[in-house]
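Student: Note that the protein sequences, when read in sequence, are chains A and B. At position 79 of the first sequence (counting the first as 1) the number is 87 in my numbering, and the numbers step up by one without a gap. At position 69 of the second sequence (counting the first as 1) the number is 1279 in my numbering, and the numbers step up by one without a gap.
Hints may be right or wrong, so weigh each one.
[As the list claims (entries may be wrong)] Dumping the calculated DSSO-like pairs for lysine-lysine here, alpha-carbon to alpha-carbon at most 30 angstroms:
#1 A:K73 / B:K1317
#2 B:K1317 / B:K1266
#3 A:K26 / A:K65
#4 A:K65 / B:K1260
#5 A:K65 / B:K1279
#6 B:K1279 / B:K1260
#7 B:K1230 / A:K115
#8 B:K1317 / A:K115
#9 B:K1317 / A:K65
#10 A:K19 / A:K73
#11 A:K26 / B:K1317
#12 A:K19 / B:K1317
#13 B:K1317 / B:K1230
#14 A:K115 / B:K1260
Worth flagging that the hints you see were computed from the coordinates, not collected in a lab.
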Amino acid sequence: EAAVTQSPRNKVAVTGGKVTLSCNQTNNHNNMYWYRQDTGHGLRLIHYSYGAGSTEKGDIPDGYKASRPSQENFSLILELATPSQTSVYFCASGGPGQCNTEVFFGKGTRLTVV
Amino acid sequence: GDSVTQTEGLVTVTEGLPVKLNCTYQTTYLTIAFFWYVQYLNEAPQVLLKSSTDNKRTEHQGFHATLHKSSSSFHLQKSSAQLSDSALYYCALSDRTEGADRLTFGKGTQLIIQP
Chain A
9 EAAVTQSPRN
19 KVAVTGGKVT
29 LSCNQTNNHN
39 NMYWYRQDTG
49 HGLRLIHYSY
59 GAGSTEKGDI
69 PDGYKASRPS
79 QENFSLILEL
89 ATPSQTSVYF
99 CASGGPGQCN
109 TEVFFGKGTR
119 LTVV
Chain B
1211 GDSVTQTEGL
1221 VTVTEGLPVK
1231 LNCTYQTTYL
1241 TIAFFWYVQY
1251 LNEAPQVLLK
1261 SSTDNKRTEH
1271 QGFHATLHKS
1281 SSSFHLQKSS
1291 AQLSDSALYY
1301 CALSDRTEGA
1311 DRLTFGKGTQ
1321 LIIQP
C-alpha cells in the first residue's frame, strides 16, 4: 500500500504568518498533489507536480506556493495566511503511468488560521 | 478545463434498498479515466472504482459503475445498501496535462444509510 505522510496533522496559525505543510511519499511516485477540502466545495486542486523540481498550478493556486525539492517531498506554503485558508489539506501521490493510475492520499492536515 | 458534477449534498437510503449516485463530466481531453473515491469519517479518500473503457461495467465491494462517453456519465450504483456504506463519495476525472496526471473531483455526495 502506498504511503503518504503529512505533517503537521493539526496546525493553528495567525493571520499574516507563514505556514508550511509538508508531505512525504515513499513509493517513488512521479505525481504529487495538494488539495483542500471544504464542505460544499469538495476536493479542490491547489498545486501539483510531475517530478522533482516541477510545480504546476491547479484550480485554486492564489495565496499558495508549492515546492518539490525531491521525488519524495512536496510542500505547500502559505506566505501570508488568511482566515479563508482555514481548511483540511490533503496531499496525494500517484503515477507515473497512464492517467488511469489511482492516487493515494495522506491523512490530511487540519489548518486553522485565527 | 475539466469539470465534474455529482448528485449534490446528502442522500439518505434505507438499508437493503438500492443506491445510485450520479456523476457527469465535461472535458476537452481525450486521454481520460474516471474514478469513484470514498471517504469514511476522519479518514483519507481512497479509490473505490476506476474506469477508462467506454460502456464497460466495473465493480468493487458490491458497487458498480459504467462509463458512458455518449452521455458523459459515470454513475455509481449498488443493489442493496449496507450501513457500512455510509460515507462521503467523490467522482473524479483524470487527464494528462503538462506531463502530470491531473485529477479533478466533484463536490462530493454524503451518503447515509439508515436502518
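Student: Look at each hint and say if it fits the structure.
Tutor: Hints, one by one, checked against the model:
1. A:K73 / B:K1317: 23 angstroms, holds
2. B:K1317 / B:K1266: 25 angstroms, holds
3. A:K26 / A:K65: 20 angstroms, holds
4. A:K65 / B:K1260: This hinted pair holds, its Cα atoms lying about 25 angstroms apart.
5. A:K65 / B:K1279: Holds - the C-alpha atoms of K1279 (chain B) and K65 (chain A) are around 28 angstroms apart, at most 30 angstroms.
6. B:K1279 / B:K1260: Measuring from Cα to Cα gives roughly 14 angstroms; hence the hint holds.
7. B:K1230 / A:K115: 27 angstroms, holds
8. B:K1317 / A:K115: The given pair, whose Cα atoms are some 19 angstroms apart, holds under the 30 angstroms limit.
9. B:K1317 / A:K65: 20 angstroms, holds
10. A:K19 / A:K73: 18 angstroms, holds
11. A:K26 / B:K1317: OK: K26 (chain A) and K1317 (chain B) at ~28 angstroms, within 30 angstroms.
12. A:K19 / B:K1317: Holds, because 25 angstroms separates the two Cα atoms, which is no more than 30 angstroms.
13. B:K1317 / B:K1230: Holds, at roughly 16 angstroms.
14. A:K115 / B:K1260: Roughly 21 angstroms separates the two Cα atoms, so the pair holds.
Of the numbered hints listed earlier, not one is contradicted by the structure.
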